[in-house]
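For the record, the sequence lines run as chains A and B. Going by our numbering, the first residue of the first sequence is number 234, and it counts up by one from there. Going by our numbering, the first residue of the second sequence is number 13, and it counts up by one from there.
Mixed in with the good hints there might be a few duds.
As the list claims (entries may be wrong) - Coverage of chain B stretches by chain A, computed from C-beta distances (three or more under 8 Å per stretch; other residues unrestricted): (1) 50 to 58; (2) 109 to 122.
To be verified - Here are a few chain A residues that sit away from chain B, every Cβ distance over 10 Å (derived from the structure): (3) S240; (4) I259; (5) F298; (6) E318.
Don't read these hints as lab results, they were simulated from the structure. We treat Cβ as the ideally placed atom computed from N, Cα and C, and that holds for glycine.
Now for the letters of each chain:
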Amino acid sequence: GAGVSQSPRYKVAKRGQDVALRCDPISGHVSLFWYQQALGQGPEFLTYFQNEAQLDKSGLPSDRFFAERPEGSVSTLKIQRTQQEDSAVYLCASSLTRGGLTLNEQFFGPGTRLTVL
Amino acid sequence: AQSVSQHNHHVILSEAASLELGCNYSYGGTVNLFWYVQYPGQHLQLLLKYFSGDPLVKGIKGFEAEFIKSKFSFNLRKPSVQWSDTAEYFCAVNAEDYKLSFGAGTTVTVRA
Numbered sequence: 234g235a236g237v238s239q240s241p242r243y244k245v246a247k248r249g250q251d252v253a254l255r256c257d258p259i260s261g262h263v264s265l266f267w268y269q270q271a272l273g274q275g276p277e278f279l280t281y282f283q284n285e286a287q288l289d290k291s292g293l294p295s296d297r298f299f300a301e302r303p304e305g306s307v308s309t310l311k312i313q314r315t316q317q318e319d320s321a322v323y324l325c326a327s328s329l330t331r332g333g334l335t336l337n338e339q340f341f342g343p344g345t346r347l348t349v350l
Numbered sequence: 013a014q015s016v017s018q019h020n021h022h023v024i025l026s027e028a029a030s031l032e033l034g035c036n037y038s039y040g041g042t043v044n045l046f047w048y049v050q051y052p053g054q055h056l057q058l059l060l061k062y063f064s065g066d067p068l069v070k071g072i073k074g075f076e077a078e079f080i081k082s083k084f085s086f087n088l089r090k091p092s093v094q095w096s097d098t099a100e101y102f103c104a105v106n107a108e109d110y111k112l113s114f115g116a117g118t119t120v121t122v123r124a
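Produce the complete structure using the sequences and hints provided.
So, in structure tokens, the structure goes:
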């Protein structure tokens, strides 16, 4: 497709369940980012991939959060043993070039709204 | 780490009124600056960006923003808003790395 796609768009999980959120970046985009957006807040950085390499995972809030991009295209964000505080919109973004000051625009997907009951 | 503050949480305007949204960031070095917009039910879209050069940048839909380095500001403006400008607006900063740091957002409601 022409843009970044994410699935599912909505996910309801019971506390303690594991969830997996998928991101399909724009074809050919080297960089992929995950952000978490809590209600009433701006997106906050979680992790960054350059092709299949996860170069930065400093924003992941706990070791229950895990992300991968094994073939350098599709990425999955997995949250184990979900907690209520994990409820948020999870945004994926991709960019054509590698990170740095010459960074091109990040294109965002529609997000996955996760609600943990 | 850089931080971004947006001065207004919610702005309500009438059509044809002028709009200015404030954005300040805290970082002393070189920055890239962005304004993103999120229309109801849609994803984040880039409105405009500043990398270097002319500090007055023009974006889509008649929006512009001015980078004032001495004030660490990147305020967004539109001379005459339309009902379709109702959306949430986010200022974001990229400072010497790949991460975007976002402000909390400003909800703009334009009344017809």
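Outcome of the hint check:
| no. | hint | result |
| --- | --- | --- |
| 1 | 50 to 58 | holds (count 5) |
| 2 | 109 to 122 | holds (count 9) |
| 3 | S240 | 13 Å, holds |
| 4 | I259 | 13 Å, holds |
| 5 | F298 | 16 Å, holds |
| 6 | E318 | 18 Å, holds |
This entry satisfies every hint, going by the numbered hints stated previously.
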